[in-house]
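Protein chains in written order, with the working numbering: chain W, 1 to 752; chain X, 1 to 200.
Careful, some of the hints might be misleading.
What the hints assert, rightly or not - Among chain W residues calculated to face chain X with C-beta under 7 Å, some are:
| hint | residue |
| --- | --- |
| 1 | Arg-422 |
| 2 | Glu-548 |
| 3 | Ala-727 |
What the hints assert, rightly or not - Restraint ranges, calculated between C-beta atoms of paired labels, are given here:
| hint | chain 1 | residue 1 | chain 2 | residue 2 | range |
| --- | --- | --- | --- | --- | --- |
| 4 | X | Gly-173 | W | Ser-580 | 55 to 65 Å |
| 5 | X | Arg-40 | W | Ala-134 | 43 to 53 Å |
| 6 | W | Val-444 | X | Pro-142 | 18 to 28 Å |
| 7 | W | Ala-535 | X | Gly-173 | 52 to 62 Å |
| 8 | X | Pro-142 | W | His-438 | 18 to 28 Å |
| 9 | X | Glu-181 | W | Asn-475 | 22 to 32 Å |
Calculated from the structure, these hints are not laboratory results. Note that beta-carbon positions come from the ideal geometry of N, C-alpha and C, so glycine has one too.
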Amino acid sequence: MLPSILIDVTVKSVVLVSLAAGGCAIARRSTAAHRHYLWALTLVGLLALPLLAAGLPWRLPVMPAIGFTSSRNDAAPVVPASAAIVAPDARTAGAVTAALRAPERMPANPAAGDQRAFAITPAAPATARLDFAALLGTLWLVGIALALGRLIIGVAALRWMMRGAQPISDRAWLDLLASTSERLDIRAPVRLLESPHANMPMAFGLRRPVVLLPLEADDWSHELREVVLLHELAHVRRFDVRANLVGQLACVLHWFNPLVWTAARRMRIEAERACDDLVLGAGAPASAYAAHLLEMVQAATNLRAPALAVPMAQPSAFEGRVLAILDPRVARHGLSRRAAVIGLLVIAAVTVPLAALAPVQDTPQQHDRIQRRVERRTQAAMQQAVTQAVRARVNAVTDVQLAQNIQAAVQESRVAERVAERAAREAARGQEDQARAHDPRVTVALMVALEDTHVDVRLEAIHALGERGDTAAINALVAALRRDASKEVRKTAAWALGQIEDARAVPGLLGALRDERDHEVRNQVVWALGQIESADAVAGLGAALRTEDDLETRRMMVWALGQIEDAAAVPFLVPLLRDSDAEVREKTVWALGQIESKDAVEPLVAMFASERTSAVRAQILWALGQLEDARAMPALEAALRDTSLEVRRKAVWAMGQIDNLRTAPAGLIAALHDPDQEIRRDAARAIGELQDPAAVPALVELMRDSDVEVRRNAVRALGEISSSASAAALVAALRDSDPEVRRLAAHALGDR
Amino acid sequence: MAVPPCLAAQADRVGDSAAALALVEAARGANPVMCELAARSVESQWGWGGDMGVRAPRDPAVRAAMDQTRGRRTPPGLVTQLAASLRDDDACVRRLAAPMLARMHTASANQALRVALQHERATTREAAALGLGFTGDPAVIPALLAGTQDAEVRVRVACAWALGEIEDARAVGALVRMLREDRDAEVRAAAAWALGNIEG
C-alpha cells in the first residue's frame with residue numbers, strides 16, 4: 001500500500017540524510033568539493049530509495065512493523081449473555097487448568113447472530129483505514145504535483161530570460177571566456193549570453209552550458225568580469241546544474257520531508273563554496289573576490305533565482321561563504337577520481353541494503369492458522385453445497401417460469417448456505433473426535449464414577465465426560481440429570497449434554513425440563529437444548545415457555561428456539577411479542593428473524609406500531625427484512641418517518657430485502673434525498689433491485705451526490721434499469737471523478 | 001519470613017541461579033498464602049533463557065537438542081542445590097523447589113525429581129510429583145505410574161494430577177484403575193479430572 005511505502009521511504013530517507021550529515025561533520029576540515037559530492041550522492045540515493053524499495057527482488061526483514069500493517073480479525077468474540085454455566089471446578093491440588101466452558105454460541109445481541117443481514121457493519125473499521133490510506137496517498141501525489149509545478153515554473157522563467165537574451169559578440173568578453181575556460185580546463189564550448197531580464201550572472205544548461213550575464217555586465221571592470229566568468233565556469237566544470245536537478249527532483253519526491261530540502265540546500269551552499277575554491281585556485285585574489293561577491297549580493301537582495309539555474313550569489317549563505325573565501329587555512333583542492341569512486345561505492349553500499357530493509361510482519365500465531373484452516377474448510381463446504389444446489393436446479397429446469405426459477409435458486413442457496421455451515425461445523429467436530437478416539441475403558445470408568453458416593457468425584461467424572469464429548473455417555477448423563485441428589489451434579493450433567501450436542505439427549509432434557517424445580521438447573525437444561533439445535537425440542541420448549549415464571553429461563557428459552565430455527569416455534573413465540581420484559585420482546589423478535597417463517601410477518605407488523613423502545617423497533621425491521629415479505633411494506637414506509645435514525649436506516653435496508661415488489665414505494669424514492677448517506681446508499685441499492693423506471697430521475701440526481709458510495713450504488717441501479725434517461729445518465733457518469741463509478745458505468749453500458 | 005510476590009517476579013526476570021536460590025531461601029518459613037503466591041509465580045513463568053513455560057516437545061530428537069542447549073545454560077550446581085531443597089524440612093522451600101526444577105527442562109533436573117519421588121517423607125514425594133507434572137515430559141510417566149500406588153493420599157492425588165497434566169494416553173490404564181478402585185474420594189476425583197484432560 002502506498003502509505004506504508006511512504007512511511008518506509010520517509011524513515012529510510014531520514015536515516016540516509018542523517019548519515020550524510022554525520023559524514024559532513026566528519027569531513028568538516030576537508031574541501032567543499034568533497035562535501036558537495038557527498039550531498040549530491042545522498043540526493044541521488046534519496047531519489048533511488050523509493051524506486052529501489054519498489055523494484056528490489058529481495059528483502060532484508062529487519063525493521064519492526066510500523067503503522068499501517070493491518071491486524072486481521074477485528075471481530076470481537078461473541079460475549080455470553082448470562083453466566084449460566086458453571087463448569088465444575090477441578091478441586092485437585094494444582095488443577096488450575098480446568099477450563100470453564102461457557103455457552104459459546106449464545107449471542108449477546110441476537111441480531112449479531114446473523115452475519116448476512118449486517119454484512120456492512122463488521123467491515124466498517126477496514127473501510128475507515130482504507131480511506132485514511134487513500135487520503136494520505138492522494139495528499140502525497142498532490143504535493144508532488146505542486147512541487148513539480150514549481151520546478152516547471154522555474155524552467156519557464158529561465159526560458160523567458162533566454163528569450164530576451166543576445167549572444168555576446170564583444171571581442172574582450174570572448175577572449176576572456178577562452179582564457180578562463182582554459183584555466184579551468186573546460187573543453188566544451190560555453191555560450192555567453194546577455195539578458196535584460198537577468199539581474200545577476202548565472203550558469204545553466206544541462207547539455208550545452210550557458211552563462212547568462214545582466215546587461216550592466218558591460219560596465220564591469222576587467223577584474224570583475226574575470227572573477228564572474230571564473231565562478232560561473234567553475235559551475236560548468238563541476239556539473240552543478242545536473243547536481244541541482246537531482247536535488248530538485250529529490251525535493252519533489254520527498255516534498256513533505258524538510259530534511260531532504262535541507263540536504264538540497266546544503267548541497268547548493270557547498271557547490272558555491274567549491275566554486276569559490278576553484279576561482280581562488282585559478283589565481284584570483286581572495287580579498288578582491290570577496291569584495292565583488294559582496295557587490296553582487298547588495299545588487300540583488302531580493303533576488304530569487306529560478307530553479308535549476310545557479311546564481312552567483314545568494315544572500316542567505318553569504319556570510320559563511322565570505323569567511324571561507326578569506327580563510328587561508330581552508331583546503332581548496334578539488335575532487336580526486338579515487339575519492340569520487342569511493343564515495344559512489346559507499347553511497348551504493350548504504351542505499352541498496354537500506355532500500356531492501358522491509359518491515360517484519362507479525363508472525364501468524366497457531367490459533368490464527370487453525371482459524372484460517374476452519375475458515376477454508378467452511379468456505380469449501382459452502383461452495384460445494386451451493387454448486388450442488390445450483391446443479392440440481394439446472395437439472396430440474398423444464399418449463400417453469402424463469403423468474404420463479406431464479407427466486408427458488410436464491411432461496412435454495414440460502415438454505416444450502418445454512419446447511420453447509422452446519423455441515424462444516426459437524427465436520428470440524430467429527431475430525432476432532434477422530435483425532436481423539438474415545439477409549440471405551442475410560443468411558444465405562446467415568447460412567448461408573450457417576451454412581452460414586454462423593455459429589456466431587458461425580459462432578460469431575462461428568463466434567464470429564466462433557467470434555468470428551470463421547471455420545472456413549474448420553475444415557476448415563478441423562479440419568480445423572482434426572483436422579484442425582486446434588487443440584488450441582490444435575491446442572492453439570494445438563495452442561496455436559498449441551499457440550500456433546502447430540503439429539504439423542506433431547507427426550508431426557510425435556511423430561512428434566514418438566515420435572516426439575518431448580519431454576520439454575522432448568523436454565524442450564526434450556527441452554528443445552530439451544531446448543532443441540534434439534535427440532536424435536538420445539539414442542540417441549542414451547543409448552544414449558546407458557547408456564548415458565550423465571551425471567552432468566554424465559555429469555556433462555558426464546559434464545560434456544562431462535563437457535564433451533566424451526567417454524568413450529570412461531571406460535572409459541574408470537575404471544576411473547578407482548579411480554580412485559582423488553583429483553584424478552586427483543587430476543588423474541590430476533591428468534592422470529594432467525595426462523596424466517598412468513599407467519600411472523602403480521603404479528604411483527606402489528607407490534608411495530610405499538611413498540612416504544614427504538615432498539616426493539618429497529619430489531620423488528622431487521623426481522624422483517626429477514627422475512628422478505630411484501631406485507632411488511634406499510635410498516636416499513638411508516639418507519640421511514642421514524643424519529644430514530646437507526647430505525648430509518650433499518651427500514652431502508654429491509655425494503656431492499658423485500659421480494660416481489662414491482663414498483664419502488666414513494667417513501668423509498670424520497671429516501672434517496674435523505675440527509676443520512678447510509679440511508680441514501682441503501683435506498684439506491686434497493687431501488688436497483690426493484691428496477692423501477694419511475695426512480696430514474698431521482699437516481700440521476702443522485703449522481704451529483706458528494707458521497708462516492710452513494711454514486712456507485714446509484715450507477716449500479718441505473719445499470720439495472722434500461723431506459724433512455726438512464727442510458728444518458730450512464731454516459732454522463734463516464735466522466736465521474738471516481739474511477740469505480742466510471743468502470744461501473746462503462747460495464748453497464750456494455751451490457752446493453 | 002514472607003515472600004513478596006514481587007520478589008518472585010524479580011527473580012524471574014534475573015533468571016540466574018543466585019536469584020533462584022535466594023528466592024528459595026527467602027521462602028523459608030513463609031505463611032501458606034504467600035508461599036502459594038510465590039509458587040504460582042514460579043509455576044507460570046519461571047525460566048532460564050526465556051523459553052520456559054513452554055511444554056517440552058514430544059519429538060525426542062527435538063527434545064534432546066533443546067535439553068542440550070538448555071543444559072549448557074543451566075548454572076552448574078543448581079540442580080543439586082534444588083534437589084536438596086526438595087528434601088528440606090520447610091514446606092514452602094519444598095513447594096518452590098519442585099516447579100523450579102521442572103521448569104529447567106533438563107534431564108538432570110527431571111532425574112532429581114524422580115529420585116525425590118522415592119523419598120521417605122510424603123510431602124517431599126508430593127512436591128516431586130507436582131514438579132514432574134510441570135515438566136510436560138512423557139519420559140517421566142513410568143515414575144508417576146509407580147507413584148499412583150503410593151501409601152499417602154496426597155501423593156496419589158499429585159500423581160493423578162501430574163499424569164493428567166502431561167496428557168499422555170499411556171497413563172489411561174492406571175488412571176482408570178484409580179478411578180474405580182482407589183479408597184479415597186479425593187484421589188478418584190483427581191483421576192476423573194485427569195482422564196477428562198487427557199481425552200478432552
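The hints, checked one at a time:
no. : hint                                 : result
1   : Arg-422                              : violated, 23 Å
2   : Glu-548                              : violated, 32 Å
3   : Ala-727                              : violated, 65 Å
4   : X:Gly-173 with W:Ser-580: 55 to 65 Å : holds, 58 Å
5   : X:Arg-40 with W:Ala-134: 43 to 53 Å  : holds, 50 Å
6   : W:Val-444 with X:Pro-142: 18 to 28 Å : holds, 25 Å
7   : W:Ala-535 with X:Gly-173: 52 to 62 Å : violated, 42 Å
8   : X:Pro-142 with W:His-438: 18 to 28 Å : holds, 25 Å
9   : X:Glu-181 with W:Asn-475: 22 to 32 Å : holds, 24 Å
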